[in-house]
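If you want the building blocks of each chain, they are given just below.
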Amino acid sequence: MKKLIFLNLFFLSLSSVILAADTNTNIKKMQLALDKNNPESVEEIYDNNEEDLSKNWMALERLALSFERRNKFKEAVNVYRKLVSPFNLAAHKAIIDSNAQKVPENLYSGNKLPYYYYKLAFLNAQLFATSHKFVPETERTKFKKNAEGYLLLLKKVNADENDLKLVNDLILEKIKVEDQMAYKKSWYVLFDFISWQDRVYLVDNVTGTKSPLLSTAIGSSIGLGKKWSNAKYEFNIEGMYSMATSTISNIADGPTYQQSSVPVKSIILGPGMYYKAFSDKVFVGLQLPVSIRTGSWLAPDGYSLQDLKQTGAGYFFQVKFAVSGIFIQTRLGKIFPNPASHWSIGALYDF
Amino acid sequence: MNKTLYIYFLIIIPLFSGKAYAYPHFIGHGYNSCITCHYNPFGNGPINDYGRSVSGTAIAGRDFYDENKPEELIANETAFFLKDYISKSLKPFIGYRGMFYKSNLGQDGSKVEFINMQLDGNLVAKFGSKDQYIMSGTFGYAPIPRSLKNTPAGDAMKEYRSREHYLGIRPSPNWGVYFGLMDKPFGIRVAEHTSYSRISTQLTMDDQAHGALLHYSGTSLELGLNAFIGNLASKSDVQTKGFAGTFEQTVFEKNRIGASILSQKNTYLKSTALAIHTRSQITYGTSVLFELGQVNKTPVNGTTPRKENYALLQNHIKTKRGLYFLNSMEYFKNSLDNSYKVRFGPGLQYYPFSKLELRADVYNTRNFSRDSNSADRWDLLMQLHAWF
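Chains A and B are the protein sequences, given in the same order.
Numbering (the working numbering) for the first sequence: 1 to 351.
Numbering (the working numbering) for the second sequence: 1001 to 1388.
Derived by calculation from the structure, the hints in this document are not laboratory data.
Fair warning: there could be bad hints in the mix.
Unchecked claim - Here are the simulated PhoX-like cross-link-like pairs (lysine-lysine), alpha carbons at most 20 Å apart as the crow flies:
1. A:K334 / B:K1341
2. B:K1320 / A:K232
3. B:K1102 / B:K1130
4. A:K276 / B:K1241
5. A:K55 / A:K82
Stated by the list, open to error - Residues of chain B placed beyond 10 Å of chain A at every Cβ, according to the derived structure:
6. P1070
7. L1313
8. R1366
9. D1371
Yeah, the Cβ is synthetic: ideal placement off N, Cα and C, and Gly gets one too.
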């Protein structure tokens, strides 16, 4: 009987030795795959021997590294979390429970918790930094909170200042970028010098003959707009009231007609956008206005004027640049059915 | 005859011919002063070795280069193609400008032309222990301005002539004195010689004069004083004599404010011009220029004097390396005809690589008058500029 027990123990220990030898061989293979920059093989080796390798911290570390190299940060985080708990559960709990700014060295000098904390903080920060609008907000918040949590633990275990800064900067940079890309609402006022040309028709009341007239107007505009802007784009909707004086005359055959200093008024409304591709101070864009215009031109006896009031729509190419808190803006475009271009130069002020 | 001469002085510079190569908007790249890149302290004419390098490595694009090509190699290629066979003291330069021009777009009188505006050869000789002596001579083809063709003034001009030749001495880096045929220092020397700021002041492509130029360039202040006696190669009655002066002060690092004065007279006309201007960097590669001026012109024969006012606002936007968007707006008023003009000029400027500039501009000009009314004028200009 004793012999049987002895033989059983012998084979048991022999199989343990063989198993340990297999585990070490696999870990060596994993390391070799990492050295050869072949991280996919690491996972393959692990998967084929998971039952044994999942109990070995050296194998898990290599698996985590292989995930990192393939930017599989979530998987790497899960592995490092295993390495923290259950592998170093007691020390980890003691560090969490401690209220001290720096925990006693014996809690982390004999294990690799500072390294795992750093990895977990860094990888969670990476997950947060690379998250985008399709990542659920709950998950993004979780990454950020986890990164901040492991940062606190890192501070307790006397981590390197540069490591702390690196992780912190990653989080802050992402917050900054998100802040820049978030659309912010604001209002602005604008003052423009503005010019356009109108086509008006002089109609002979007896014959009904229409003669085209051309009116050239120049004046000023005041306007108010609301904009939604981020670091790259600006969308706006604005309204302007323009007061101009015009000279009108015939430019083709027909009755001679000429008037100057005639008041013309218009309201221009519409949406627009700017693109800040080149600099945060230089904007290039397009405005899509609709306009309502009235002119106080007078018809001579026997004639009447057609198109004294007119509605139109068109486009403006626009450029603006920032100078000391205000924007200088120029626009060149056309409002149909006007016969010529519509341009303006002015200043905008955000408030 | 008087009418012809009046036209000559009223429209002394024909539109769309001649040379134009001053680039004051490169303050957007941090180059406040012309002398950094040009031999002439107020720009224009050939560029020096440093200017050639800047043109290749900061101004021109990289679209046609291998992405791994070092900037140093690109800089080396900006040199004159025979540089290895020529002394370090001799700096040759060849420049060509041609323009496709379509006038009055969409109108019955629309015309299409190709104009060879300039084909110049230039040689700069530098000598002295610190290259303090400079001789520069430019000779080449320059078309007779179209408004002067078949006029006595035009007949007196030659199509092959020198537009610039001078001797310069810089006893110290700050001070220089130059003698010869040069452009007059005044206002912002924009590239567009058809701009009102250059037409009204009579400072376009054929308005150089023989004279002496004093130049000072300090840490933040730059000034020039020029006394001139006219272009001695032209007929004596149209040689303008007088003086010009300009200064620029750097404020807030990448901004310059300046003022200029010009007084000149010939047998037919006396004129005095005053201007103030600013040049500012908005962001790297992007700048804005502004000039406001007044020119008083008094015909010597006693006919009515006139006052001309002009304004120029030009925005030069770097969209990417080598590609710029230009946005110009100009105003011009002549007191005699009780009217004024406003011109909008959006354009694109592309330097695909060093030694080549391509440019396209559209000009929309509108007349404002209490007495008459006219349709807008639209012009298209496409320019090719090559230099070696």
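Hints versus structure:
1. A:K334 / B:K1341: 19 Å, holds
2. B:K1320 / A:K232: Holds, at about 16 Å.
3. B:K1102 / B:K1130: Distance ~48 Å between K1102 (chain B) and K1130 (chain B) Cα, so the pair is violated.
4. A:K276 / B:K1241: 49 Å, violated
5. A:K55 / A:K82: 10 Å, holds
6. P1070: Check passes; 26 Å lies beyond 10 Å.
7. L1313: The claim breaks: L1313 (chain B) does not keep its Cβ more than 10 Å from every Cβ of chain A (closest is about 7 Å).
8. R1366: 6 Å, violated
9. D1371: Given that some Cβ of chain A is not farther than 10 Å from that of D1371 (chain B), nearest at about 7 Å, it is violated.
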